Amino acid sequence: MMPSMEFLVATGIGWVTVCGIWLMLRGRTFPVVLGLTVLGYAVNVFIFAMGRLWSNAQPIVGNGPQIADPLPQALVLTAIVIGFATTGFVIELALRSRHESGTDHVDGRPDPQEGGT
Amino acid sequence: MSMSLIDQLPVLPVLLPAATAVLLLLIGDHGGGEHNLRRQTLSGRVAIGSALLGLIIAIQLFLQAGDGMLMVYRMGEWPAPFGIVLVVDRLSAVMVLLTSLVALPVLLYASGGWAGHGRYFYALFQFQLMGLNGAFVTGDLFNLFVFFEVLLIASYVLMLHGLGRERLRVGVHYVVLNLSASALFLIGLALLYALTGTLNMADLAVRVPLVTGPDAVVLQVAALLLLVVFGFKAALAPLSVWLPATYAAASAPVAALFAIMTKVGVYAIWRVHGVIFGADAGASAMLVEPLLLPLAVLTSAIGVLGVLAAQTLPRLVAWLTVASVGTILMAIGLFGAQAWSAALYYLAHSTLTVAGLFLLVELVAAQRGEVGSRIEPASPVAQPTMLGLMLLLAAASSVGLPPLPGFIGKLMLLQASGGHAHATMVWTVVLLAGFLSLLGLARAGSTLFWHVRSDMPSGASGASAPLVTATGFLLAASVAMSIFAGPLQRYSEAAAEQLRDRKAYADAVLGEQGGLDARTTRPYTGQSGGSR
Numbered sequence: 000m001m002p003s004m005e006f007l008v009a010t011g012i013g014w015v016t017v018c019g020i021w022l023m024l025r026g027r028t029f030p031v032v033l034g035l036t037v038l039g040y041a042v043n044v045f046i047f048a049m050g051r052l053w054s055n056a057q058p059i060v061g062n063g064p065q066i067a068d069p070l071p072q073a074l075v076l077t078a079i080v081i082g083f084a085t086t087g088f089v090i091e092l093a094l095r096s097r098h099e100s101g102t103d104h105v106d107g108r109p110d111p112q113e114g115g116t
Numbered sequence: 000m001s002m003s004l005i006d007q008l009p010v011l012p013v014l015l016p017a018a019t020a021v022l023l024l025l026i027g028d029h030g031g032g033e034h035n036l037r038r039q040t041l042s043g044r045v046a047i048g049s050a051l052l053g054l055i056i057a058i059q060l061f062l063q064a065g066d067g068m069l070m071v072y073r074m075g076e077w078p079a080p081f082g083i084v085l086v087v088d089r090l091s092a093v094m095v096l097l098t099s100l101v102a103l104p105v106l107l108y109a110s111g112g113w114a115g116h117g118r119y120f121y122a123l124f125q126f127q128l129m130g131l132n133g134a135f136v137t138g139d140l141f142n143l144f145v146f147f148e149v150l151l152i153a154s155y156v157l158m159l160h161g162l163g164r165e166r167l168r169v170g171v172h173y174v175v176l177n178l179s180a181s182a183l184f185l186i187g188l189a190l191l192y193a194l195t196g197t198l199n200m201a202d203l204a205v206r207v208p209l210v211t212g213p214d215a216v217v218l219q220v221a222a223l224l225l226l227v228v229f230g231f232k233a234a235l236a237p238l239s240v241w242l243p244a245t246y247a248a249a250s251a252p253v254a255a256l257f258a259i260m261t262k263v264g265v266y267a268i269w270r271v272h273g274v275i276f277g278a279d280a281g282a283s284a285m286l287v288e289p290l291l292l293p294l295a296v297l298t299s300a301i302g303v304l305g306v307l308a309a310q311t312l313p314r315l316v317a318w319l320t321v322a323s324v325g326t327i328l329m330a331i332g333l334f335g336a337q338a339w340s341a342a343l344y345y346l347a348h349s350t351l352t353v354a355g356l357f358l359l360v361e362l363v364a365a366q367r368g369e370v371g372s373r374i375e376p377a378s379p380v381a382q383p384t385m386l387g388l389m390l391l392l393a394a395a396s397s398v399g400l401p402p403l404p405g406f407i408g409k410l411m412l413l414q415a416s417g418g419h420a421h422a423t424m425v426w427t428v429v430l431l432a433g434f435l436s437l438l439g440l441a442r443a444g445s446t447l448f449w450h451v452r453s454d455m456p457s458g459a460s461g462a463s464a465p466l467v468t469a470t471g472f473l474l475a476a477s478v479a480m481s482i483f484a485g486p487l488q489r490y491s492e493a494a495a496e497q498l499r500d501r502k503a504y505a506d507a508v509l510g511e512q513g514g515l516d517a518r519t520t521r522p523y524t525g526q527s528g529g530s531r
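So the protein lines, in turn, are chains A and B. Going by numbering that gives the first Met the number 0, the first sequence opens with residue 0, and the numbers climb by one from there. Going by numbering that gives the first Met the number 0, the second sequence opens with residue 0, and the numbers climb by one from there.
Fair warning: there could be bad hints in the mix.
Claimed, not checked - Derived contacts from chain A toward chain B, CB cut-off under 7 Å, selection only:
(1) Val44
(2) Ile66
(3) Val80
(4) Ile81
(5) Val89
(6) Leu94
(7) Ser96
(8) Gly107
Unchecked claim - DEER-style ranges, computed between Cβ atoms:
(9) Val80(A) - Arg37(B): 31 to 37 Å
(10) Leu438(B) - Trp21(A): 50 to 56 Å
(11) Gly368(B) - Arg25(A): 37 to 43 Å
(12) Glu99(A) - Ala284(B): 26 to 32 Å
(13) Pro78(B) - Tyr40(A): 43 to 49 Å
(14) Glu99(A) - Leu391(B): 46 to 52 Å
If you're looking for bench data, these hints aren't it; they were derived computationally from the structure. None of these values were measured; they are calculated from a predicted model. A virtual CB, placed ideally from N, CA and C, is assigned to each residue, including glycine.
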């Protein structure tokens with residue numbers, strides 16, 4: 000039996016969220032930034048799915064029997080734009096922090112193998 | 000012309016800082032250097048002029064809202080709930096006025112030196128004001144998210160203003176935590192939309208009571224997710240540990256401005272969990288009542304323990320902020336008109352006092368040589384009488400000694416809690432928190448001004464006039480709340496009543512759709528015609 004579209008999308012979002020959270024709990028800034036980005040993807044698909052999943056529905060008001068909900072599409076666009084901007088900022092911040100403290104540890108702890116800075 | 004300008008009043012607190020920020024970006028800021036000084040001075044004047052204009056607009060809004068008028072501004076004339084609306088009621092007007100009252104002296108203070116310690120301070124400050132004002136006037140939850148992001152991204156850069164290792168270290172934590180909170184915010188909003196078909200606050204208050212059965216449980220999960228998000232911004236325990244590190248690391252004027260930023264979280268909890276998920280929310284009614292009061296009590300307790308344990312002055316003030324947020328949320332968690340009135344009065348007072356304290360402790364620290372802001376004996380400060388009296392005033396007000404506004408606010412809260420099931424707990428914690436913060440502040444104050452070491456070189460000069468004026472303005476504004484306690488109390492009571500009046504709010508926003516009987520939105524079914 001084919002699993003339903005809802006089941007596939009829901010598990011997909013769940014899996015991506017798990018990956019995002021796992022990455023965010025890492026101790027280096029790069030995986031944390033990646034984790035935030037991945038979590039952002041999961042959230043965006045989640046918003047999109049909250050307008051329900053449609054097949055063969057018109058994307059916007061037309062003559063068909065069914066019309067997909069356009070509002071979450073507008074919401075997700077806004078969320079993507081904001082997420083893009085904040086990702087850009089957090090990458091720059093992580094680089095600056097690495098430059099200033101000499102380590103990419105999130106708490107600014109010196110690396111033991113290098114004997115600290 | 001003037002008629003139409005009055006109609007546009009609700010949107011002006013957002014447009015004015017936005018336009019000013021763009022202007023300031025055009026003026027430019029190339030960092031240090033002599034050639035940049037004229038640009039900096041010009042930027043400072045533009046920013047302060049704009050803040051002054053903002054204050055006038057805020058006062059006008061405050062007075063108009065005081066008549067009981069609900070100002071509804073439809074963006075692009077789209078009818079609610081389909082377009083975005085801005086709604087200014089008494090609560091929003093107070094918050095906008097409070098933002099202006101904090102912004103003006105903080106800008107004046109920053110122009111005395113801090114603004115030159117990095118680039119684009121004034122422009123970022125204006126973007127932050129735009130986000131704050133927008134969050135306070137919007138009547139749409141998704142729009143609230145957008146303004147949250149505007150004020151947050153400005154706050155990320157402002158927090159780092161002046162740079163340095165400690166600021167960058169704390170800044171990374173602050174930004175990452177806030178971005179995760181934003182992700183949760185979006186999940187909560189998407190769930191709310193999926194179950195109600197709307198994100199307009201007035202429409203949500205209509206739709207939420209209609210959700211029943213298993214859907215109501217999912218709806219409550221969404222609301223609790225939003226409590227986590229707003230509680231994080233407001234520093235509600237156990238999500239309050241980030242605040243002292245962040246605020247203490249930020250430069251003084253930025254920390255003072257952040258005193259109002261914390262209140263955005265409080266405001267959002269009030270609107271969403273106090274009103275939309277309030278007494279009339281059907282199956283989801285009074286959703287956070289069992290949670291909010293105990294957590295607020297815990298916040299207050301953690302806050303005063305922090306005040307007692309603080310090793311530096313900015314940390315002490317930051318923990319004082321946490322304790323005051325606990326007190327405000329306790330009042331909101333009591334869910335009564337009287338308690339909400341106390342919450343609004345205490346919120347206004349504590350914001351002004353805490354902002355003033357952040358500026359004041361930097362003035363004190365600057366005159367203590369190498370010891371700086373650490374609470375240790377040091378050489379005597381250059382202006383002990385003036386700084387000492389200012390600190391005494393601010394401290395007495397924040398611990399709640401009569402006749403200062405902190406006392407009035409706490410008294411209003413204690414009176415309002417009478418008859419409530421948890422009245423004993425509220426009384427104990429409020430009084431004990433007041434006493435313990437008195438101890439903490441007395442310890443700090445006596446170390447600063449009495450326990451001085453004459454063997455250390457003093458040599459510090461007095462603070463310059465703009466810095467003292469700015470700090471004095473905030474403390475004076477706080478004391479003025481005591482002088483005008485009568486009218487302000489009437490205003491806050493009316494504001495609390497207005498918040499509880501769902502019908503007036505629905506009529507104002509959804510009048511054409513039938514107010515509380517509006518049935519324009521529902522979870523989307525995708526059928527053209529028929530149900531739509």
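Here is what the structure says about each hint:
1. Val44: Not OK, violated: Val44(A) not within 7 Å of chain B, min 10 Å.
2. Ile66: Given a least distance of 5 Å, the restraint on Ile66(A) holds.
3. Val80: violated, 10 Å
4. Ile81: holds, 5 Å
5. Val89: Given a least distance of 6 Å, the restraint on Val89(A) holds.
6. Leu94: It is violated, given that the least Cβ distance between Leu94(A) and chain B is near 11 Å, above 7 Å.
7. Ser96: holds, 4 Å
8. Gly107: holds, 4 Å
9. Val80(A) - Arg37(B): 31 to 37 Å: For Val80(A) and Arg37(B) the Cβ distance comes to about 36 Å; the hint holds.
10. Leu438(B) - Trp21(A): 50 to 56 Å: violated, 44 Å
11. Gly368(B) - Arg25(A): 37 to 43 Å: For Arg25(A) against Gly368(B), whose Cβ atoms are near 42 Å apart, the range 37 to 43 Å holds.
12. Glu99(A) - Ala284(B): 26 to 32 Å: Roughly 50 Å apart at Cβ, these two residues miss the hinted range, so it is violated.
13. Pro78(B) - Tyr40(A): 43 to 49 Å: For Tyr40(A) against Pro78(B), whose Cβ atoms are near 34 Å apart, the range 43 to 49 Å is violated.
14. Glu99(A) - Leu391(B): 46 to 52 Å: For Leu391(B) against Glu99(A), whose Cβ atoms are near 39 Å apart, the range 46 to 52 Å is violated.
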